[in-house]
Amino acid sequence: MSNDGSQSGAGGRDRDPKDVELSARLQRLEKRLGEARDTGKDRTISSSARGSDPSAMGKAFRLSTEFIAGIIAGAGLGWGLDNVAGSRPWGMIVMTMLGFGAGIWNVMRASGFLRPPDRPGGDAGPGN
Amino acid sequence: MADPIHQFELKTIASLGKIGGSEIAFTNSSLYMLGAVGLITLFMLWGTSSRAMVPGRIQSMVELCYEFVADTVRSSAGKEGMMFFPFVFSLFMFILVLNLAGMLPYGFTVTSHIIITAAMALLVIGTVVVYGVMKHGMHFFDLFVPKGVHPAMLAILVPIEVISFLSRPISLSVRLFANMLAGHIALKIFAGFIVSLLAAGAWGILSPLPLALTVALTALEMLVAVLQAYVFATLTSIYLHDALHPGH
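First to last, the protein sequences are chains Y and L.
For the record, in the first sequence the residue sitting at position 61 is 61 according to the working numbering, with numbers rising by one throughout.
For the record, in the second sequence the residue sitting at position 225 is 225 according to the working numbering, with numbers rising by one throughout.
Next up, chain L with everything else stripped away, as it sits in the complex (with noise of 0.2 Å):
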């Protein structure tokens, strides 16, 4: 049966010398990266290019995309939020088509690597810390301290807080990279599985049920694919919530 993991392995495409005694390699996850931000810068040149009053195609796409997010925005992080909004879309589009391009079939599903996902929760916090400090300056910490609490509990309540604040980066980006992950690791196994069946004489009479099976699920990891990078736009609006108004 075909490797499930195969499908997640970096190859280099070129190598651009050595730091430190490693390698700093073009990729192919550089590649979609890349590729990503060529598309979407594209897509929201050419939706933007014509500006008509009643939009054509594109830019009825385009309008959609901005809603959308700045829906999002304004409703988890509220009206000041709005000023994080290129931030907020551009993690948005980046996820969504990156997630999207892991579905074409042999494609590379650059999500499916923690270090990517990672690097933009921690993106994330970066900016609600630095931001946060910079706007309200210690009174940022005092989102670890909860009101109305007896003095004596806050000694255990303020690690708590710490820890579920240093917690966010990661459950931000175990959620992404294990979503992508899991997903094309169980479309591949059951993809697997047909041609497994076929190749096993008479029990291929049954591989119209992992069929079916595989079908169904690429329909979810459409859906996940989209969801996920919802989530991501929409915990990062939270948080950015808690960079403007850390009193509560």
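Here chain Y stands alone, though its shape is the one from the complex (with noise of 0.2 Å):
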């Protein structure tokens, strides 16, 4: 290890044309991947559909996990709600119906059955 740390100094001062030929190289190998990035990043931007798990069992998972985040949610906005307005019963009864609402949109987003409807074209704009 040691042995090739003095070899790689010495080289930095009097380079033979192997070393030139060899950053060279790396350079051109720099820019390739930068493109190869580039390109990858326009294909594969965010959709919040891409939590991608492979396994069926992630998938379900995870879509029930959304669904129930939805709920608890609005279910918990509501009593916070009604604790701070006074409003009893009806904070959590119109909230929790809303995070229902709120489960299944993001039961739907998850999927990917619904793309939201200005996602695609939108990132492409002014913002990259």
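Think of the hints as simulated: they come from the structure by calculation, not from any bench.
Check before you lean on any hint, since a few could be wrong.
Below, computed lysine to aspartate or glutamate pairings styled on EDC-like, alpha-carbon distance capped at 20 Å [as the list claims (entries may be wrong)]: (1) K79(L) with D19(Y); (2) K147(L) with D242(L); (3) K79(L) with D242(L); (4) K188(L) with D71(L); (5) K31(Y) with D3(L); (6) K79(L) with E30(Y); (7) K31(Y) with D19(Y); (8) K31(Y) with D242(L).
From these two lone chains plus the hints, build me the complex, please.
So, in structure tokens, the structure goes:
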């Protein structure tokens, strides 16, 4: 290991043609890697559908938690609103129903069933 | 039969005093977390110490981890998302090592406690909100207003979007916690069947069945351990994308 280090250190001062060629090749590789990464970015930029678990079990788990999380968040928010505003049952009733909607919305988004209307085109916009 | 929940029990190793009546304890959970951080640090330092052009074993493992997380972040959060790479990488490695540590015999699974996963999920969502508001000001809240919708519908859709956003930390934390908890309980129960059957005289002839299932479940649990770390990292990147581009 230490032998390698001293050799490369010496190569830095008086470079023989092999080293020059190597660094030129490295630079070309770097450039091509950069290009590959750029195209990769355009191709795969996010939509929430990309939480892709390969196994069906993982997918089922993901979708069910998305749904349940929506309802829990809705009910919790309603309960909090009730405590603040003193509208005891109503906030929780309404928000739980909205949470149900949010849960279904989460599942639709997570399963890629429904692409958010302006995601695919919108990402290529001025932001990038 | 052995108690399947017993493995998740927190044991106080050392007490660090009390704050407001609740004990601040150094538990086996804290020990595993410290161990995980130490292990990751050693692994990364060791792997990056030689910095050889042609990587050795450890270095190529470290590079593999880096490339894997970097690709996830790049594809889900975009190139600007790479500024959050250290954050996502830390989360990924932490969860991965803790999940795998839970697979060791007699190991303790830190990520099977919802308080740990919830803390990490809240950290992610907190980062999204704070960074989003810092970068975009009030425009960050455009996230909750779907475009191209009739204004009358917004009265319903905006609360739904808000709830949907609030549900993210819940689903993020519950998914990881429930996967680890359910998997380890199932593993323990099926392993317990082997012992019960062997103890039941002639029924012992059936004991290879749960044994085969336990072996299969162990493999599945290894998959789940890695997969859940990956899912957590991917979802973190997707949420960070929202913080960077809230207009969609």
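Verification of the supplied hints:
{"no.": "1", "hint": "K79(L) with D19(Y)", "in the structure": "violated (32 Å)"}
{"no.": "2", "hint": "K147(L) with D242(L)", "in the structure": "holds (15 Å)"}
{"no.": "3", "hint": "K79(L) with D242(L)", "in the structure": "holds (13 Å)"}
{"no.": "4", "hint": "K188(L) with D71(L)", "in the structure": "violated (36 Å)"}
{"no.": "5", "hint": "K31(Y) with D3(L)", "in the structure": "violated (58 Å)"}
{"no.": "6", "hint": "K79(L) with E30(Y)", "in the structure": "holds (17 Å)"}
{"no.": "7", "hint": "K31(Y) with D19(Y)", "in the structure": "holds (18 Å)"}
{"no.": "8", "hint": "K31(Y) with D242(L)", "in the structure": "violated (29 Å)"}
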